[in-house]
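Protein chains in written order, with the working numbering: chain S, 95 to 536; chain R, 95 to 536.
Source of the hints: derived by calculation from the structure; they are not laboratory data. All C-beta atoms, glycine included, are put in the ideal place defined by N, C-alpha and C. Please note that the accuracy of each hint is not assured.
Which stretches of chain R does chain S cover? Using the computed rule of at least three CB atoms under 8 Å from a CB of chain S, they are [what the hints assert, rightly or not]: (1) 160-174; (2) 311-323; (3) 332-339.
Distance windows between CB atoms, simulated [stated by the list, open to error]: (4) 378/R x 309/S: 27 to 35 Å; (5) 362/R x 362/S: 56 to 64 Å; (6) 269/R x 269/S: 58 to 66 Å; (7) 258/S x 267/R: 49 to 57 Å; (8) 253/S x 379/R: 30 to 38 Å; (9) 295/R x 222/S: 30 to 38 Å; (10) 258/S x 334/R: 43 to 51 Å; (11) 315/R x 335/S: 28 to 36 Å; (12) 143/S x 172/R: 22 to 30 Å; (13) 269/R x 218/S: 50 to 58 Å; (14) 172/R x 406/S: 30 to 38 Å; (15) 222/S x 226/R: 25 to 33 Å; (16) 378/R x 427/S: 50 to 58 Å; (17) 221/S x 432/R: 55 to 63 Å.
There are 2 protein chains.
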Amino acid sequence: MQFIDLLIYVSIYCKMNDIKLSSNSTHSSTILPVNKFYFDYNATTPLAPEVIQTINDSLKEHWGNPSSNHIEGSKAKKALEKAREEVASMISAIPSEILFLSGGTEANNLVLYSAVVHFKKWVISQPDSSFSHMKPHIITTKVEHDSIKYPLLRRYFVEADVTYLGVENLPTSVIDNIRPSTCLITVMLANNETGIMFSVAHIARLLSEVNKKREAEGLFKILLHTDAAQAIGKLPVDVTDLKVDYLTIVGHKFYGPRVGALYVKKLGSGAPLYPLLYGGGQERGYRSGTENTPMYVGLGKACALVQENVLEYSSHMKKMRVYLERQLKKAFANYIKINCVDPCNVSNPEECSIPPSGPKQTHFIFPRLPNTTSVSFYYPEVPVLENSGVCSFHAKRSIRLSVGRETTVPEIEAIVIDIKQAISKALDPLKLPTSSSTSNST
Amino acid sequence: MQFIDLLIYVSIYCKMNDIKLSSNSTHSSTILPVNKFYFDYNATTPLAPEVIQTINDSLKEHWGNPSSNHIEGSKAKKALEKAREEVASMISAIPSEILFLSGGTEANNLVLYSAVVHFKKWVISQPDSSFSHMKPHIITTKVEHDSIKYPLLRRYFVEADVTYLGVENLPTSVIDNIRPSTCLITVMLANNETGIMFSVAHIARLLSEVNKKREAEGLFKILLHTDAAQAIGKLPVDVTDLKVDYLTIVGHKFYGPRVGALYVKKLGSGAPLYPLLYGGGQERGYRSGTENTPMYVGLGKACALVQENVLEYSSHMKKMRVYLERQLKKAFANYIKINCVDPCNVSNPEECSIPPSGPKQTHFIFPRLPNTTSVSFYYPEVPVLENSGVCSFHAKRSIRLSVGRETTVPEIEAIVIDIKQAISKALDPLKLPTSSSTSNST
Numbered sequence: 095m096q097f098i099d100l101l102i103y104v105s106i107y108c109k110m111n112d113i114k115l116s117s118n119s120t121h122s123s124t125i126l127p128v129n130k131f132y133f134d135y136n137a138t139t140p141l142a143p144e145v146i147q148t149i150n151d152s153l154k155e156h157w158g159n160p161s162s163n164h165i166e167g168s169k170a171k172k173a174l175e176k177a178r179e180e181v182a183s184m185i186s187a188i189p190s191e192i193l194f195l196s197g198g199t200e201a202n203n204l205v206l207y208s209a210v211v212h213f214k215k216w217v218i219s220q221p222d223s224s225f226s227h228m229k230p231h232i233i234t235t236k237v238e239h240d241s242i243k244y245p246l247l248r249r250y251f252v253e254a255d256v257t258y259l260g261v262e263n264l265p266t267s268v269i270d271n272i273r274p275s276t277c278l279i280t281v282m283l284a285n286n287e288t289g290i291m292f293s294v295a296h297i298a299r300l301l302s303e304v305n306k307k308r309e310a311e312g313l314f315k316i317l318l319h320t321d322a323a324q325a326i327g328k329l330p331v332d333v334t335d336l337k338v339d340y341l342t343i344v345g346h347k348f349y350g351p352r353v354g355a356l357y358v359k360k361l362g363s364g365a366p367l368y369p370l371l372y373g374g375g376q377e378r379g380y381r382s383g384t385e386n387t388p389m390y391v392g393l394g395k396a397c398a399l400v401q402e403n404v405l406e407y408s409s410h411m412k413k414m415r416v417y418l419e420r421q422l423k424k425a426f427a428n429y430i431k432i433n434c435v436d437p438c439n440v441s442n443p444e445e446c447s448i449p450p451s452g453p454k455q456t457h458f459i460f461p462r463l464p465n466t467t468s469v470s471f472y473y474p475e476v477p478v479l480e481n482s483g484v485c486s487f488h489a490k491r492s493i494r495l496s497v498g499r500e501t502t503v504p505e506i507e508a509i510v511i512d513i514k515q516a517i518s519k520a521l522d523p524l525k526l527p528t529s530s531s532t533s534n535s536t
Numbered sequence: 095m096q097f098i099d100l101l102i103y104v105s106i107y108c109k110m111n112d113i114k115l116s117s118n119s120t121h122s123s124t125i126l127p128v129n130k131f132y133f134d135y136n137a138t139t140p141l142a143p144e145v146i147q148t149i150n151d152s153l154k155e156h157w158g159n160p161s162s163n164h165i166e167g168s169k170a171k172k173a174l175e176k177a178r179e180e181v182a183s184m185i186s187a188i189p190s191e192i193l194f195l196s197g198g199t200e201a202n203n204l205v206l207y208s209a210v211v212h213f214k215k216w217v218i219s220q221p222d223s224s225f226s227h228m229k230p231h232i233i234t235t236k237v238e239h240d241s242i243k244y245p246l247l248r249r250y251f252v253e254a255d256v257t258y259l260g261v262e263n264l265p266t267s268v269i270d271n272i273r274p275s276t277c278l279i280t281v282m283l284a285n286n287e288t289g290i291m292f293s294v295a296h297i298a299r300l301l302s303e304v305n306k307k308r309e310a311e312g313l314f315k316i317l318l319h320t321d322a323a324q325a326i327g328k329l330p331v332d333v334t335d336l337k338v339d340y341l342t343i344v345g346h347k348f349y350g351p352r353v354g355a356l357y358v359k360k361l362g363s364g365a366p367l368y369p370l371l372y373g374g375g376q377e378r379g380y381r382s383g384t385e386n387t388p389m390y391v392g393l394g395k396a397c398a399l400v401q402e403n404v405l406e407y408s409s410h411m412k413k414m415r416v417y418l419e420r421q422l423k424k425a426f427a428n429y430i431k432i433n434c435v436d437p438c439n440v441s442n443p444e445e446c447s448i449p450p451s452g453p454k455q456t457h458f459i460f461p462r463l464p465n466t467t468s469v470s471f472y473y474p475e476v477p478v479l480e481n482s483g484v485c486s487f488h489a490k491r492s493i494r495l496s497v498g499r500e501t502t503v504p505e506i507e508a509i510v511i512d513i514k515q516a517i518s519k520a521l522d523p524l525k526l527p528t529s530s531s532t533s534n535s536t
């Protein structure tokens, strides 16, 4: 069995977009039914039953056009505004700060675009001609989601100089890299691959001081964005703590539907926003297009569930993640490393170049999401992780396992056995612990 | 009773966005329950029961991330591709020419953006420096949807000269207005307010000749787009007849969900397309963002229903529309005019300035959608229609009524009585025909 087949079989996120499910990829060691092996909750979650019910009801009841001045329109509009309250409430925002969007990708693109446009307009408005040739500068990390990374790389109207920071010196490195032309800092709240979390609240505190000075100097007020896609639903997220200007919300990462929302601080009078799409003027003109009411109503429900139960979800996920990591350690002993937790023990420092690097050293420690584990195996090269604070040696041998609200102990035991069998087959003979040591302890 | 209350009450589309449902807006002459009075199917339709069921099943079954290389991802991807086939099949396209999008607004914005970007890239690529200062030019009509109108008016990266054509001399006026710098012609297939239809196929034939000459002259090949939002589901729409480069599809106008699709002729090797949103590279990189699978699966179902039943839908709608117009004529006699059908009989030619104008003259006649009637009353001024081939006198006195698959004869009779009572109350005394003449004939 190829390691690649293992990855496919055990439903591991592996970011190898060119690999398709091959028809001859069979595996006979099934312990639970195949579709029970889902350890990819960071890619997407199923919808909560309550959310499905809400969407289903809404498809029947709220089909009117919220812009229409009649009873069907009014029903839809009320439902939409209730959903907006639920989204806002989850993150301690107010409803008028919430913009409904097609998803996280649109939200992230919109923030980048808005910051750049706002900076350009600011430059033009300055009487001081020394600003006139200033190109916008954006600070971000090397580990952002593609919907931040690619607009910055490719998009012709997000023309900006970009500083990509490694994760090891956050948050101070953010402040150290500010330039007079900096217009936006965008740092995710939690990384999708390793689960490590960044202290955006800390960045906000430091930035607040910087912005005070900049105001006195007549410089552009730097905007702060965080993509909270992976954090929401796993840990409490509160904009009054984070003090960001923008925060991205993605429904399908927390048992909601495939739509998103963007928090914009004091939208209208606060953080600037420029529409990417023009048309009927929906969402106060910031996002035209007849609203996908049933999906937004479903998003509202998913947010309400999170607000009510996030600590319970979080606690369950953490328990499962801890058990998963313990079982993996039992099964693979020294042949496995939990990334961003275990010390790096690559003998050749060249191979582990991210500081603090070298043999036997401990990697920087970040808090982690309760549901995510990134593990490196010492055997096969698996091209997965890059720039995530994991040395290239380990990055090439890593997989991600993310648990969800439904994950159970038997599932974890089954998947650990499954991974072990697959690896044994791929790379016989291995000196792994005997199988008796992998069973039945919590 | 205010005329405005009538508009709200009878669920007429009236494009007065600043008017809210007032709490003291009461009406006692209810014949059918209020929510039965729905004559606004051009604003949005309810979802077909089969579509609701499909979405509901899909929310449970296809929640996986279509980009994930595992069983849940694969199930979602298959469902998505089946839906793409259904959308393509409805308009005689091939699946690879269909791009799933959040809605018609995104589709229309994307076309405008792509044409402009493509033209700019073409200009840069020309060795002949005489092209280098050429600004893109777009030809459209005065009656396009806001999602065409406003991007052209407001959007800073759709920088183009625009020619807005009146509808009276289409399609020849399109060709007459072509310039060397013309990059796009966008003309809707059917107008949302009056229901009049434009011969896009005719424009395509004429344009094909023009493009042959332009090719010989080394000029940019002009692209052709049609927004088919209002036509699909009411009449057969076939891209092999229309021969357009782009065609906009909007689910919620034909009993589908609030998402859309864009037909792009030979996408990848044919009509150019440039992404507005970057990220995970979904939709072959043309539209990033995890796909809203259940909604697209629902769109596919709505398209399959249309493909199977469009002639039946069309025939029913037309029957209802004919009956509605007959009942209105009985109720209002000479005090009503069916726009784009009846001759204009304003005595002062100044008041009816769109050619052919003047007293007693017949307006140009276009084919109309089977479901839409735009009627003008001679009494109150209702600020509704502009530029739609209706003189300003009539435009100010017009309302739109659009019927749907469920519209019945009793509903029509009820709404006609309702409108008549409301107008009588608003403008007593009127010399309307007696109520006996409005009842019971098909």
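To see whether the hints hold, each was checked on the structure:
no., hint, verdict
1, 160-174, "holds (count 8)"
2, 311-323, "violated (count 0)"
3, 332-339, "violated (count 0)"
4, 378/R x 309/S: 27 to 35 Å, "45 Å, violated"
5, 362/R x 362/S: 56 to 64 Å, "41 Å, violated"
6, 269/R x 269/S: 58 to 66 Å, "60 Å, holds"
7, 258/S x 267/R: 49 to 57 Å, "52 Å, holds"
8, 253/S x 379/R: 30 to 38 Å, "20 Å, violated"
9, 295/R x 222/S: 30 to 38 Å, "57 Å, violated"
10, 258/S x 334/R: 43 to 51 Å, "48 Å, holds"
11, 315/R x 335/S: 28 to 36 Å, "55 Å, violated"
12, 143/S x 172/R: 22 to 30 Å, "23 Å, holds"
13, 269/R x 218/S: 50 to 58 Å, "39 Å, violated"
14, 172/R x 406/S: 30 to 38 Å, "34 Å, holds"
15, 222/S x 226/R: 25 to 33 Å, "32 Å, holds"
16, 378/R x 427/S: 50 to 58 Å, "44 Å, violated"
17, 221/S x 432/R: 55 to 63 Å, "59 Å, holds"
Of the hints listed earlier, those the structure fails to meet are numbers 2, 3, 4, 5, 8, 9, 11, 13, 16, in rising order.
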